[in-house]
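Heads up: take any position in the first sequence, counting from 1, add 4, and you land on the numbering used here.
Be aware that a few hints might be false.
Okay, derived cross-link-like pairs now, DSS-like style, lysine-lysine, Cα gap no bigger than 25 Å in a straight line [what the hints assert, rightly or not]:
| no. | residue 1 | residue 2 |
| --- | --- | --- |
| 1 | Lys164 | Lys506 |
| 2 | Lys295 | Lys405 |
| 3 | Lys184 | Lys159 |
| 4 | Lys62 | Lys41 |
| 5 | Lys370 | Lys355 |
| 6 | Lys348 | Lys381 |
| 7 | Lys381 | Lys184 |
| 8 | Lys128 | Lys66 |
| 9 | Lys273 | Lys192 |
| 10 | Lys128 | Lys104 |
| 11 | Lys164 | Lys104 |
| 12 | Lys66 | Lys104 |
| 13 | Lys86 | Lys128 |
| 14 | Lys381 | Lys338 |
| 15 | Lys273 | Lys164 |
| 16 | Lys448 | Lys370 |
| 17 | Lys366 | Lys381 |
| 18 | Lys273 | Lys184 |
| 19 | Lys62 | Lys184 |
| 20 | Lys366 | Lys273 |
| 21 | Lys159 | Lys86 |
| 22 | Lys62 | Lys192 |
| 23 | Lys448 | Lys355 |
| 24 | Lys62 | Lys128 |
| 25 | Lys159 | Lys34 |
| 26 | Lys370 | Lys381 |
| 27 | Lys348 | Lys405 |
| 28 | Lys448 | Lys405 |
| 29 | Lys348 | Lys338 |
| 30 | Lys448 | Lys348 |
| 31 | Lys355 | Lys366 |
| 32 | Lys273 | Lys506 |
| 33 | Lys405 | Lys370 |
Hints were generated in silico from the structure; no laboratory data involved. This one's a predicted model, so the numbers in the text were calculated from it and none came from an experiment.
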Amino acid sequence: MTSDITPNEIEANQELSAEETNHLMGVRLKKLADLQKDGINPFGGHYDRTHYSQDIIKNIEKLEESEVAIAGRIMLVRGHGKATFLSLQDDAGRIQVYVKLDVVGEEQYALLDKLDIGDFLGVKGQVFITHRGEISVRANQMLLLSKSLRPLPEKWHGLKDIETRYRQRYVDLIVNPQVKDTFVTRSKTISGIRRYLDNLGFLEVETPTMQPIPGGAAARPFITHHNAQDIDMYMRIALELYLKRLIVGGMERVYELGRVFRNEGMSIKHNPEFTMLEIYQSYADYNDMIKLTEEMLATVAQEVLGSMQFTYQDALLDFTPPWQRMTMIEAVRKYAEVDFDQIKDDTEAQKAAAAAGITIEKNASKGQILNCFFEEKVEANLIQPTIITDYPIEISPLAKKLPNNPNFTARFEAFVYGRELANAFSELNDPLDQRERFQAQVDKRAAGDDEAHMMDEDFLRALEYGMPPTGGLGIGIDRLVMFFTNSASIRDVILFPTMKQKE
RNA sequence: GAGCCAUUAGCUCAGUCGGUAGAGCACCUGACUCUUAAUCAGGGUGUCCGGCGUUCGAGUCGCCGAUGGCUCACCA
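Please take these sequences and the hints and turn them into a complete structure.
In structure tokens form, the structure reads like this:
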């Protein structure tokens, strides 16, 4: 039942498809037309599958010689004249199918001529083990479930081109099995977090992604437009201010797992949209949030990876609590050998920065300079999970002051592999103090800092009704998943990373 | 936003000094009833990312542009 394909026929089929085609697609379109001519629907409907590939492989001793129905995508074909081997790929893996002319008959065997790698096939038959020991299904009946018109990448090298992998993730998922593993791990991580928080009595909520005033972080927002109201709106840059409104409203333990958007550069660690987890707990403070961070991430690591220790790039990370802990001043003293407890004012701090070769903004304050020292000299050293506490007030406009030192806040960040993974504090619930902090931000904004906060009167009004003392925590989910999947780039843990439009 | 690098067949990649565009896989034809990157024989299917330029002649050299990667900047 083989057919010579003339150049004319290929050309005709290329016209059929209208779009970009090539020789290989022309061949497949011809097969498609032949199938239809024979009364076979190349894009079939329901199929009663009884087993996944891995069900059969794991339960071979029970299933040998029993009848199964499997379905999947043809990934390899090895023809032997009157017998053919196929590798069928389903959600769970691959299994070999053995099609023998004697068994299926002429008509079914002829179907093979019209099949291609990439087609979806349903197979009914008996489970058996080949002489070479491969668990296989001896086909009695094959049913074409869906025809594939585009050729898949090569069976051995797969799809390597990074651009194509990101733009056409569907192909990446078909041919690179470890890609699916990564996203399964991502899914398990997120469901593990949900389970952990739900068990502690936290309520998952959803707050607006389009906001009149974007707040909760220092970042430039995306602007969008609502036609009906004819107003510009902002895509959210954080979840914080709406979740705290819910704390005011008496929802004592809330969390949101959601997408945020920041209009900034892209890198191996940054995608314009990414997933944040934010958690707020009434009557808690930042020390409670430290415990929650350690316990939750260690628990999820144990669940998802089977261990609290795992390899990331060149490091063996250990999430076992408790994590190392240092104040920011202690960390700078240790790694930069500059003691900010001994620095009296801004001028002295500026001199220390100059001496250390650290570039700072003109008239930078002591707290800002401390943070510069930390970012330039300390962060890269924090490979194992480390909790850095007591952040300067200048860079923490939403955090409570330390009772014994109003220049610092009850805040911490967790660092892993030199990267910020979590950010948390005792939430500022004094509406008068919060108003002053916003005003300082508004002044910075007027001075040209377009990442500074805007005044949010409604948020202040909420605080004026009274907010209980509250601990808040934010965790970058993409970065966490990068660690859990040993991914070098954030784009490897986002199914469809942001890409420029191709002309 | 800046610097460096990359872009050649459906996929993975070669391509020398500027001189007719190559391989493997895939695909097509034929053989083959336990193969597994099946094997054997035959067949090359192309907008060399795009444009302009230099040259008798450009995949190759120059300039401009597109997209991607890495580094830096910004940031989480």
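Structure-based check of each hint:
no. : hint             : verdict
1   : Lys164 to Lys506 : holds (19 Å)
2   : Lys295 to Lys405 : holds (20 Å)
3   : Lys184 to Lys159 : holds (17 Å)
4   : Lys62 to Lys41   : violated (41 Å)
5   : Lys370 to Lys355 : holds (10 Å)
6   : Lys348 to Lys381 : holds (21 Å)
7   : Lys381 to Lys184 : violated (37 Å)
8   : Lys128 to Lys66  : holds (17 Å)
9   : Lys273 to Lys192 : holds (21 Å)
10  : Lys128 to Lys104 : holds (13 Å)
11  : Lys164 to Lys104 : violated (35 Å)
12  : Lys66 to Lys104  : holds (24 Å)
13  : Lys86 to Lys128  : holds (19 Å)
14  : Lys381 to Lys338 : holds (10 Å)
15  : Lys273 to Lys164 : holds (21 Å)
16  : Lys448 to Lys370 : holds (17 Å)
17  : Lys366 to Lys381 : holds (20 Å)
18  : Lys273 to Lys184 : holds (20 Å)
19  : Lys62 to Lys184  : holds (20 Å)
20  : Lys366 to Lys273 : violated (29 Å)
21  : Lys159 to Lys86  : holds (23 Å)
22  : Lys62 to Lys192  : holds (22 Å)
23  : Lys448 to Lys355 : holds (23 Å)
24  : Lys62 to Lys128  : holds (19 Å)
25  : Lys159 to Lys34  : holds (23 Å)
26  : Lys370 to Lys381 : holds (16 Å)
27  : Lys348 to Lys405 : holds (19 Å)
28  : Lys448 to Lys405 : holds (20 Å)
29  : Lys348 to Lys338 : holds (19 Å)
30  : Lys448 to Lys348 : holds (24 Å)
31  : Lys355 to Lys366 : holds (12 Å)
32  : Lys273 to Lys506 : holds (23 Å)
33  : Lys405 to Lys370 : holds (16 Å)
Hints 4, 7, 11, 20 from the list above are not met by this structure, while the remaining hints are.
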